[in-house]
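A.B. asks: As you go down the protein sequences, you meet chains R and B in turn.
Residues in the first sequence are numbered from 1 upward in steps of one, following our numbering.
Residues in the second sequence are numbered from 357 upward in steps of one, following our numbering.
There's no promise every hint is true.
[Stated by the list, open to error] Listed next, the in silico BS3-like pairs over lysine-lysine satisfying Cα-Cα at most 27 Å (straight line):
hint, chain 1, residue 1, chain 2, residue 2
1, B, Lys702, R, Lys173
2, B, Lys632, R, Lys288
3, R, Lys346, B, Lys709
4, B, Lys529, R, Lys50
5, B, Lys632, R, Lys54
6, R, Lys180, B, Lys644
7, B, Lys406, R, Lys288
8, B, Lys627, R, Lys288
9, B, Lys644, R, Lys271
10, R, Lys173, B, Lys529
11, R, Lys353, B, Lys410
12, B, Lys632, R, Lys173
13, B, Lys702, R, Lys288
14, B, Lys498, R, Lys288
15, R, Lys288, B, Lys410
16, R, Lys288, B, Lys709
17, B, Lys709, R, Lys115
18, R, Lys180, B, Lys410
19, B, Lys529, R, Lys346
20, B, Lys644, R, Lys33
21, B, Lys709, R, Lys173
22, R, Lys142, B, Lys709
23, R, Lys33, R, Lys288
24, B, Lys536, B, Lys389
25, R, Lys33, R, Lys128
26, B, Lys536, R, Lys353
27, R, Lys33, B, Lys389
28, R, Lys353, B, Lys471
None of these hints come from the bench; they were simulated from the model.
2 protein chains.
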Amino acid sequence: MKHFGTVLNVSKMRQKRSSPNVSLENGGKNMNKIRVAICGYGNLGRGVEKEILKSEDMEFIAIFTRRNPESLQTSSNVPVVSVAEMEKWIDKVDVMIMCGGSATDLPVQVVEAAKYFNTVDSFDTHAKIPEFYNAVNEVALKSNKTSVISGGWDPGMFSIMRTYADAILSNGKTYTFWGKGVSQGHSDAIRRVPGVKNAVQYTIPIDEAMESVRNGENPELSTAEKHLRECFVVAEDGADLAEIEETIKTMPNYFSDYHTEVHFISEEELKANHSKMPHGGFVIHSGKTGENNNQIIEYSLKLDSNPEFTSSVLIALARATYRLNCSGQYGAKTVLDIPPAMLSRKSGEELRKELL
Amino acid sequence: MKHFGTVLNVSKMRQKRSSPNVSLENGGKNMNKIRVAICGYGNLGRGVEKEILKSEDMEFIAIFTRRNPESLQTSSNVPVVSVAEMEKWIDKVDVMIMCGGSATDLPVQVVEAAKYFNTVDSFDTHAKIPEFYNAVNEVALKSNKTSVISGGWDPGMFSIMRTYADAILSNGKTYTFWGKGVSQGHSDAIRRVPGVKNAVQYTIPIDEAMESVRNGENPELSTAEKHLRECFVVAEDGADLAEIEETIKTMPNYFSDYHTEVHFISEEELKANHSKMPHGGFVIHSGKTGENNNQIIEYSLKLDSNPEFTSSVLIALARATYRLNCSGQYGAKTVLDIPPAMLSRKSGEELRKELL
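Produce the entire structure from the sequences given, and follow the hints as far as they go.
C.D. replies: Here is the structure:
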């Protein structure tokens with residue numbers, strides 16, 4: 001097990017396991033591995049599953065689901081268990097990776113899971129984070145567990161970048177741009193338009209807006225002034241294309257405030273060219289020091305697969321969650337509370353030598 | 357004073373002050389401020405001085421120098437004190453910001469200062485970091501002080517980016533590009549060439565190399581394949597320009613491995629267009645997830661003033677250093693050991709609401 005300066009203590013970490021025999025069952029082979037499980041098996045759960053299997057410091061224990069466990073086709077051969085049975089696994093899982101949706105699953109499931117397990121999730125409803133934090137914190141403090149909430153990339157890596165930039169150049173301004181990437185919510189909204197058979201919507205940051213920020217001009221920009229929306233639409237046979245386009249472009253909240261482009265394509269074209277889930281974005285911070293010197297900090301992600309990248313972040317955070325708990329830091333935490341080294345498989349010594 | 361989840365405790369932080377009366381002398385006005393001082397008054401020290409004066413949560417206490425204190429012209433009116441007197445200020449300074457050079461100053465000065473103070477420095481000789489860490493750690497552990505070493509942007513912010521990226525996409529590859537920026541060492545080397553009156557050298561990342569990395573091609577690149585060197589040279593009257601150019605371009609270690617461009621300009625032109633100290637660079641990490649999906653993480657800095665940006669990072673780290681010490685984390689630490697929230701003036705609650 002890795003050693004982090006003086007913060008973590010190896011012998012303490014070992015003592016923490018409530019059931020050391022679980023490791024011995026494997027002939028001691030997995031003794032140092034972090035035992036992780038997944039709760040929720042959609043796009044994200046499947047991404048997490050693939051990445052756990054590549055993580056040599058982790059042992060994959062189980063998948064928990066609300067569905068009938070027998071109905072799940074999984075890529076690994078770990079047990080698939082009903083969420084109702086969760087409590088029975090209390091001694092067998094170090095970290096539960098929560099892969100449900102933010103709208104209705106996570107607010108209920110994380111609060112429940114934190115009674116028994118350390119958890120990590122990607123809750124991304126920004127406006128409700130304080131409320132979610134308080135609910136999870138209360139439970140996790142009582143159970144002496146650690147719950148890292150709102151991991152992933154936004155919130156997550158982007159939050160880290162906004163925080164560092166604001167701390168270093170506190171007189172500056174931070175801009176977040178999203179895309180180019182598929183917005184599931186906007187794609188769904190188009191699919192509900194009469195005459196539409198299928199659709200994919202890309203959110204695209206506007207180059208001129210990004211350039212203005214990068215030049216230190218500190219513009220005032222609404223979300224609509226930062227992004228345009230490009231829609232690829234498959235229409236039903238005989239549908240009125242002009243009417244569909246008009247309905248999309250004038251749709252309140254989703255499109256009416258934006259520059260929106262609509263392209264009609266065939267179902268085959270949609271499947272061939274628009275079935276991946278790319279995403280990404282930019283956090284750009286512009287501040288001044290001394291006598292009017294511009295200082296620009298920029299972070300960007302260009303992701304072929306949004307759910308797979310989110311999975312990779314969650315796995316690094318699962319590692320950190322376990323270590324936080326081993327060092328006695330209970331309750332709800334966010335990515336902002338975690339030292340970068342805690343996410344890494346490398347020791348402090350290796351990090352200082354190789355990456356510092 | 358800001359509150360960080362459950363990690364820091366306000367009343368503890370207050371108790372830590374060995375001489376609470378220092379604050380009372382100011383009528384309690386500065387009671388919650390972090391008392392900082394500077395050791396070393398060159399480009400960096402002057403940058404730090406300007407930024408401390410803008411930091412509302414800090415009180416600027418003194419400047420320590422090896423020179424005759426009376427010979428220093430400072431921008432602030434804090435006492436200028438000989439480094440020989442440092443020990444007498446033990447109860448008056450919370451964090452000493454070490455602004456000497458990495459080659460000879462910091463290895464001696466930080467080890468000495470850590471006997472009495474929490475310190476933060478920007479030691480940047482990458483190969484000697486482990487040795488420097490061990491020396492500082494030993495002293496700081498004995499004195500119950502906290503020393504954050506190798507802050508700034510590389511090492512510093514770039515190290516943080518390399519660590520996060522490597523932790524998230526551990527099968528990937530990280531590339532660091534520097535520039536466009538002035539290299540003091542290379543400029544000095546040119547100035548030593550016979551017939552050269554003055555010179556400035558810019559290190560410039562090569563676009564094609566960066567594009568290859570951004571495309572996920574994972575190329576093998578030497579430092580020389582990633583950067584070119586552009587030199588602006590003022591020659592002495594009557595000097596042989598062709599010979600100067602040849603001497604520069606064939607200089608081992610500094611230029612012979614690189615594509616090097618030499619431009620001869622007038623002293624006036626050099627002063628007018630090349631007297632700032634811009635710098636910056638890129639950390640690009642390229643990894644794969646799932647079935648061959650490329651995931652690209654990129655961080656970049658575009659800095660009008662290298663020493664002023666480094667100063668801003670050191671000040672945010674001084675805040676973190678004080679907080680680490682208040683929470684009992686003694687010894688040498690690096691940026692990789694510090695949660696992002698600890699650098700910020702905002703409370704955990706504000707961060708979760710505004711920046712997460």
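A.B. asks: Run every hint past the structure and note whether it holds.
C.D. replies: Status of the hints after comparison with the structure:
no.: 1; hint: B:Lys702 - R:Lys173; verdict: 15 Å, holds
no.: 2; hint: B:Lys632 - R:Lys288; verdict: 15 Å, holds
no.: 3; hint: R:Lys346 - B:Lys709; verdict: 32 Å, violated
no.: 4; hint: B:Lys529 - R:Lys50; verdict: 20 Å, holds
no.: 5; hint: B:Lys632 - R:Lys54; verdict: 48 Å, violated
no.: 6; hint: R:Lys180 - B:Lys644; verdict: 18 Å, holds
no.: 7; hint: B:Lys406 - R:Lys288; verdict: 12 Å, holds
no.: 8; hint: B:Lys627 - R:Lys288; verdict: 23 Å, holds
no.: 9; hint: B:Lys644 - R:Lys271; verdict: 23 Å, holds
no.: 10; hint: R:Lys173 - B:Lys529; verdict: 31 Å, violated
no.: 11; hint: R:Lys353 - B:Lys410; verdict: 35 Å, violated
no.: 12; hint: B:Lys632 - R:Lys173; verdict: 23 Å, holds
no.: 13; hint: B:Lys702 - R:Lys288; verdict: 19 Å, holds
no.: 14; hint: B:Lys498 - R:Lys288; verdict: 39 Å, violated
no.: 15; hint: R:Lys288 - B:Lys410; verdict: 12 Å, holds
no.: 16; hint: R:Lys288 - B:Lys709; verdict: 25 Å, holds
no.: 17; hint: B:Lys709 - R:Lys115; verdict: 25 Å, holds
no.: 18; hint: R:Lys180 - B:Lys410; verdict: 38 Å, violated
no.: 19; hint: B:Lys529 - R:Lys346; verdict: 15 Å, holds
no.: 20; hint: B:Lys644 - R:Lys33; verdict: 23 Å, holds
no.: 21; hint: B:Lys709 - R:Lys173; verdict: 16 Å, holds
no.: 22; hint: R:Lys142 - B:Lys709; verdict: 24 Å, holds
no.: 23; hint: R:Lys33 - R:Lys288; verdict: 46 Å, violated
no.: 24; hint: B:Lys536 - B:Lys389; verdict: 37 Å, violated
no.: 25; hint: R:Lys33 - R:Lys128; verdict: 34 Å, violated
no.: 26; hint: B:Lys536 - R:Lys353; verdict: 26 Å, holds
no.: 27; hint: R:Lys33 - B:Lys389; verdict: 44 Å, violated
no.: 28; hint: R:Lys353 - B:Lys471; verdict: 25 Å, holds
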